[in-house]
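Participant: Dock chain B against chain A, hints included.
Sequence order for the protein chains is A and B.
Counting with my numbering, you get residues 1 to 280 for the letters of the first sequence.
Counting with my numbering, you get residues 1001 to 1427 for the letters of the second sequence.
Keep in mind the hints are simulated off the structure, nothing from the lab.
Just so we're clear, the structure is a prediction, and the values are computed from it rather than from any experiment.
Beta carbons: idealized from backbone N, C-alpha and C, even for Gly.
Please note: incorrect hints may appear among the correct ones.
[What the hints assert, rightly or not] Selected chain A positions facing chain B (Cβ under 8 Å, derived; list incomplete):
1. Met115
2. Ser129
3. Arg155
4. Leu278
In case you want the letters, here they are:
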Amino acid sequence: MSTQNTNNNAQEQLLTRREFVMLLVGAGMSVALANILADPLNPLFQKILGGNIDRERYAAASTDKPRWGMVIDLSKCIGCEYCVYACQATNDVTDAMRWNVHIVDQTPTGDIFHMTRPCLHCNNAPCVSVCPVSATYSREDGLVVMDYDKCIGCRYCEVACPYGARSFNWEARGDEPNPRAPEWGTPEVPRRPRGVVEKCTFCIHRIDAGLAAGLIPGVDPAATPACVNICPVTARYFGDLNNPESEVSRIIASTATFRLREDLGTEPNVYYIPPEGLAI
Amino acid sequence: MISLARRTARQSPLLAIWYLFLFTLVAVGVYSGARVLIEGLRVTNLTDELPWGLWIVIDLSSIALGAGAFTLSAAVYVFGLKHYASIARAAVFVGLLGYTSAMLALFVDIGRPDRFYHPVLYWNPHSVLWEITIAVMFYTTVLVLEFTPIIVESTPLNRYSLARRLGHRLHQVMPVVALIGMGISMVHQSSLGATYGILTARPVWFSPTAPVLFILSAVAAGPALTLLVTMISGELMQKRMVPEDVLQGVARFIGFASLAYLYLKLWSWMSVNYYSHVPGHAASIRILNENTPYDFTFWWGEILMGALAPAIIFLWPRLRRNRYMLMLGALMVVAGLVINRWNVTLSGLVVPLDWSPGVLDVFPINTYEPSLIEWGVAAGIVGYSWLGWTLGVRYLRLYPNAVRVMRRRAVTRPAVAESGEQPATAR
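Excised from the complex, chain A in its bound form (with noise of 0.2 Å):
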């Protein structure tokens, strides 16, 4: 504006070459890193996200026992949600049965914070031991998961869940497209039928898949949970928790970290680094 006020021959242009040559280059970084951002497999984007991992170190440190984890970071998280809409298109979820949630909750000190969970995927989960046809079961790898041709929908795991983590199917759904889909992923698990339930599964798919192809999850966003990958603050790790040499490990040995309700002995395997002000 200054600029236009002290020099007038420049009203007739309507961009100087400067100008011209800096908005070209930002359209160019945009469209690169949009690129890099529609595409996972990107190795660029995959070079950022595993930046902080030594695959030589991490190799060597893994065992035959993994147990996934999830370190979700509350000082970073801003409450943008896309972790849960990328879940909701990647997993096929409805609007009303989010698998990942986010509220907004508040420090004793008076500032707001934003909670987001998937499921915790507990070492003693309530769910697995109430459920009365073993259709939810804890996999060696420490997944809940679920099998959906086996629950006869008696509800009672969304009753012993201290955590609220299930969603029951209360209608059919047809083949209408997912609300979130394309726009957050495409769905990759088929849809569950009605009068079962349903939880986050760590996209178990991608953990499987991955792992059989050489990935390490956590690392190789195609072997990463979806809402890992989206989150726009890296307020969402995910590995290893058996492996040192993990991202999640790491920050878990060096920062104060807590677990919710951890007087119920659930043992849950997602970690929370608290938001400022909150005493843990």
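Facilitator: Quick look at chain B alone, frame taken from chain A:
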């Protein structure tokens, strides 16, 4: 069928109206049940936050009210109180109706009724609900076994010697069947309480006394329902179904069971509400009292009406000998039990979970009012069990010792009716 209906209507218009009422209930239930099976559970008012409601209350209540079967069978076959055999058969029938009602409720309540048999295939011995399912299945089989001789005896099947022999053989092994039944019953009646008692996530529920409270209340309310239907049927059919001393004995037993229930219930209440202050529990009770009539229904419905008043009626001989007081007491125990099962089921679910580490009450209180379809299914189940009882008491030999009596209303001279009752009361 039509001629039978005409004959019933001519003989007793009241009975015809009663049948019509019951058939209407069943029809409403069939319609509502069909709607649920076709459209799914979205026709209910249940949510992910409050996934259990009226049907689970019916399931729990009918199983508890069926407990007269194991209690009175045990009295006869295990503890050798032979003269209670005159009421044990009716108790077994009430039990059978109760357990099948519960199965109907569960069948509609689960999201995938087509997979109802899955607990048999896919075991999870660590789940109380798995254990309950298996036990209920076994126990219903026990009830059917116990009931087969009665069916054989009361129907044209009795003409066939094979059926008669089978019935007789079953009758011979009945002590063993009753013993097994008692074992299974005691385990799963208490496990139903454990369904709630073991859940750490819900402070109102989490309690070591929940399983014991469930079996104690069932042991009181099961025989109470048997007593109630026995007396009502006797009044209406102008029969003395069982000897008076058996009625009095059952009533005394219910009185003591109610006292035991009351004792444990009060201590359970005092230990967490009066003598200690557990934050989660206190907060839950506060939420319940602010949002629901929990306080009122707990003290007036469960404690006073459901346990204390009936205990007084059943243990005070003067009150107990009045047959209307006896019926009233039994009705109060039954109603108190249903209120208790409603309160227990809903109290844990109305209070929201609290998992966020912040200070705000971010989760809303869960409210619940059964939908019309839910009431419809409930009406159908009630209609089924009442119809079953009406037909059973009319056409089966449920009371081997029943004798016809003249009641006051039936004769012009009251003195005769009074004297007709005397011998039994005097014993």
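Participant: Decide, hint by hint, whether the structure agrees.
Facilitator: Taking the hints in turn, this is what the structure says about them:
1. Met115: 5 Å, holds
2. Ser129: 5 Å, holds
3. Arg155: At 4 Å from the nearest chain B Cβ, A/Arg155 passes the 8 Å test, so the hint holds.
4. Leu278: Constraint on A/Leu278 satisfied, holds at 6 Å.
Violated hints are absent here; each numbered hint is respected by the structure.
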